[in-house]
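**Student:** So the chains spell out like this:
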Amino acid sequence: MATLNILIAVCLAYVALLFAVAFMAERAALKGRGNWLRSPWIYTLSLSIYCTAWTFYGAVGYAARSGLEFVTIYLGPTLVMIGWWWALRKMVRIGRTQRITSVADLISSRYGKSGLLAVCVTLLAVIGITPYISLQLQSVTLSFSSFAVNDPGGQSLIAGYDTALWVAVGLAMFTILFGTRNLDANERHHGVVMAIAVEAVVKLFALIAVGIFVVWGLAGGIGPMLARIDASEIGQWQMDGGRWVGLTFLSAAAFLTLPRMFQVLVVENEDERHLRTAAWAFPTYLMLMSLFVVPIAVIGLEVMPAGSNPDQFVLTVPLTQGQEGLAMLSFLGGFSSATSMVIVASIALSTMVSNHIVMPIFLRLTQGGASGPSDVRHVVILARRLSIGLVLALGYLYYKISGGGSALAAIGLVSFAGLAQLLPAMMGGIFWRGATRNGAFAGLVVGFAIWTWCLLLPGFGGGVLSSGLMEAGPWGLSWLRPHALFGIEGMDPLLHAAMWSLLLNVTVFVLVSLVSFPSPLERLQGAQFVNIFDHSDNPQSWSGGIAQSEDLMIMAQRILGPEEVQSFFQAEAARQGLAGYLPEPTPDFLARLERELSGAVGGATAHAMVAQIMGAATVSVEDLLAVADETAQMMEYSSQLEAKSNELTRTARQLRAANDKLTQLSVQKDAFLSQISHELRTPMTSIRAFSEILRDAEGLEPKDLTRYASIIHAEAIRLTRLLDDLLDLSVLENGQVNLNLRDGVLSDVISHAIAATGTDMHVMRVRRTGPASEIVLTTDHDRLAQVFINLIANAQKYCDAERPELTIDVSRRGGRVIVDFIDNGSGIPPHAQGMVFEKFYRVADRQAGGAGLGLAICREIMGRLGGTLGYLPGQGGAAFRVSLPAAQRMAAQ
Amino acid sequence: MKERASPVFLERRSYRQRRLMDAARLLPVLGGLLWLVPLLWPQRTGSPAPAEVEAVATSSAIVYIFGVWIVLALAALFLSLMLDGKAEAQGGRGD
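Protein chains in written order, with the working numbering: chain A, 1 to 893; chain B, 894 to 988.
Chain A on its own, in the form it takes in the complex (with noise of 0.2 Å):
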């Protein structure tokens, strides 16, 4: 009686310090002094949620009937949590942008946030979790009446009170206390967090004590208890492989569907960093955890009589020895296990069960959430907090008309398969585009019909399906037996039927998802879900409406309160720089307004109340421009390449033009070789021709003499203009060419010209006209009369009139200054007009004795003077332009 006494005022005590504790650490964070709260230990802690009572007491027992088997339990989470940068870091991150509220509005908001799927979800993890609830209650009541066993007035106690009942009732209370104390479900349970996290420590502790206790207080040391454990029953690794890797799959699934560890992992992640942390650290948790299990079975199975309950080993061991202390801390380890996992699993179910059915019931029955008098916010806490009571009656429920399994481990495994089935469409969503809503409606309702079917109502208070139905199947459908389905028998019955559901849920997912077309808003948040980290900022949008801002604000006021709507309405308007308190609706605002709002009420209802407001459930022109995205991206991503490709066929064009334009110039070269060297040949030949008369005949008449003498001068003369004419056209080509600019009058320089080529007015004449002793010309004045004495000099050879007669022009046009050069021959053929210009061109078969270079070199000149030089057709004779800019003109004024 004393022990029960000492165990019941221990544990009250317990329960005090929790509340005490889950008490100062919502204070702190309320006074902003929390940042411990938010270290990633806390966070590494809470997740140990998943080590729930089933662990603590049922690994032992597990450990006692199936050897080594009981760590695939955790060495699925193991696998998951170092594998974390797989999924768990892509669900956190959606998880925070998306302000999910639980595992149903995962799924829900991920398959366009449809509310049919919400509730379907919601059913199966309350039908899943219930009988994980009662196992809790029941592990607790068995750990008092292991205590109560060698006390029979405790026995009377015990059979006096119901426990169950009691911690039912004292669960309740503290998750409603600390649980529900924010609305927002995204707002952290900074209370509930921290107790979480010292019962993790508590239980780690205790069970790390009691394995202490047993390897060096009983068994010896480290050799003596391998040595001891070989000798036992499970001293031989036995092992069946089927169940060795589909537990280990199971728990990994559950690990991340479980909606307890869900809140944990995501909702109540305070940052992502934290997952690095957890990464190595919870796997080391759960190393230490499962380390002295098999040391306490081998053990419990020596010392303890025949027929004693494994599962309580823990406990049972250090009491037949006589450690009261220790098998208290053992049972406060045992007392946290399941007090954690119930509470945390009340929340998120009730949560759950609040945002997804009865929020939406309420609001169709009061006409939405903008009308009505009542008080939504009122109303959503309320729900919550029957949602948490009604969770923990059917949990109670349960342990009372299951009236206890025989094995915990059995039923957490049930559950465990049951919430698998929810994988599919969570990783499916997650990473897969494809997914639409109907497919992951169609697997679940599969798998879950299967689990019920194979799993859980055989298992159900030890089977409500009659004998004749497990042997025969329905309607005497053989092959729909529950534990032989499609005739395939004798297969454990929980691989068996993790193994059909989770195949069927599968395959009916894929399929439904590739054949059915999921809506508009379902493939927006697809592409967010799955694209998560290239744009996690802006999960929603609404745009357009005529929404007003007022209704929005008296809908907000109901759910989150007034103060809090009312500095977020504030703070909206001076975002959009308004004064007061009701900004526009823009789409920005109503996201924004909507992320809110589904941190309390989950996003389908939020976008439901929202879209009743804004008027329809609109997918705005944003959404269906980033739904767009990738089509534009590839759009542009083609346009650039067509662009670049583009690029290089104008780069070879241009390429090939050079090519062809060098090829050009090689020729022009070769040309112009041949025919320099043909002119120095020509006057070559007879100079030396007549040299070498000169020299080798005798007896010539001085006259002759003299005429070849003549000869060969006059060739040198024309040799040397040749040179000289070539050096000037090269310098003038290359741009050497020094200018000798001045001040002059226009008039003068033809004066010098025709003075220059010493024309005889009886020979030609030559007739100016025009302004042009007015013009004054501020350029190289030897350049410019070398041009037109070159020109006078053509005329003057060429024109072949009978009475030549040479006109030059001068006028004024447009800027420029203009000097004709005209005469009255038979001007230059039309043909040749534009051969004039070039080198060595000569007008055929008249002998001038020019080189053909004068016109080239002149052409040059005028480039460099800043003018042209062109010929000019009709004008009834030769007749070239010499064209200047009069802007030097001007210069020189």
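Source of the hints: derived by calculation from the structure; they are not laboratory data.
C-beta atoms are modelled at their ideal positions from N, C-alpha and C, and glycine is treated no differently.
Misleading hints may appear alongside valid ones.
Each pair of labels, with its calculated beta carbon distance range [stated by the list, open to error]:
1. A:P562 to B:L974: 43 to 49 Å
2. B:F971 to A:L655: 37 to 43 Å
3. B:V956 to A:G322: 45 to 51 Å
4. A:V10 to B:V956: 44 to 50 Å
5. B:R909 to A:F23: 46 to 52 Å
6. B:V964 to A:E647: 51 to 57 Å
7. A:S66 to B:F971: 45 to 51 Å
8. A:L386 to B:R918: 40 to 46 Å
Not the full set, but computed from the structure, chain B residues with beta-carbon under 7 Å of chain A [stated by the list, open to error]:
9. S907
10. Y908
11. A950
What the simulated footprint calls covered on chain A by chain B, stretch by stretch (three residues with Cβ under 8 Å from a Cβ of chain B suffice, anywhere in the stretch; the number is not a length) [what the hints assert, rightly or not]:
12. 64-77
13. 83-90
14. 218-230
15. 241-248
Following the hints, put chain B in place on chain A, whose structure we already have.
**Tutor:** Structure of chain B alone, referenced to chain A:
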């Protein structure tokens, strides 16, 4: 598209980060494979049923399984220290 979003060649540091991400992705695969190894151990009741082969002792199994566990935890610790936060932000874009 992803190829467009990220350059083909990276600086040495980003390259190192990418390989660490690869390692982080591969670690659970390695762990899973290592924990499959016990299924190959001889068993008394296994289908090969080698009567003359002694089944592996549970103590050896414990040492192996927990040894793998510790190694995995240490590897995860190493990776979480080496992977920096900036790389994590880009990690989702893939490589």
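**Student:** Each hint needs a verdict: does it hold in this structure or not?
**Tutor:** Status of the hints after comparison with the structure:
{"no.": "1", "hint": "A:P562 to B:L974: 43 to 49 Å", "in the structure": "holds, 47 Å"}
{"no.": "2", "hint": "B:F971 to A:L655: 37 to 43 Å", "in the structure": "violated, 55 Å"}
{"no.": "3", "hint": "B:V956 to A:G322: 45 to 51 Å", "in the structure": "violated, 32 Å"}
{"no.": "4", "hint": "A:V10 to B:V956: 44 to 50 Å", "in the structure": "violated, 37 Å"}
{"no.": "5", "hint": "B:R909 to A:F23: 46 to 52 Å", "in the structure": "holds, 47 Å"}
{"no.": "6", "hint": "B:V964 to A:E647: 51 to 57 Å", "in the structure": "holds, 54 Å"}
{"no.": "7", "hint": "A:S66 to B:F971: 45 to 51 Å", "in the structure": "violated, 34 Å"}
{"no.": "8", "hint": "A:L386 to B:R918: 40 to 46 Å", "in the structure": "holds, 44 Å"}
{"no.": "9", "hint": "S907", "in the structure": "violated, 16 Å"}
{"no.": "10", "hint": "Y908", "in the structure": "violated, 17 Å"}
{"no.": "11", "hint": "A950", "in the structure": "holds, 4 Å"}
{"no.": "12", "hint": "64-77", "in the structure": "holds (count 4)"}
{"no.": "13", "hint": "83-90", "in the structure": "holds (count 6)"}
{"no.": "14", "hint": "218-230", "in the structure": "holds (count 4)"}
{"no.": "15", "hint": "241-248", "in the structure": "holds (count 4)"}
Checked against the numbered hints above, the structure breaks hints 2, 3, 4, 7, 9 and 10 and satisfies the rest.
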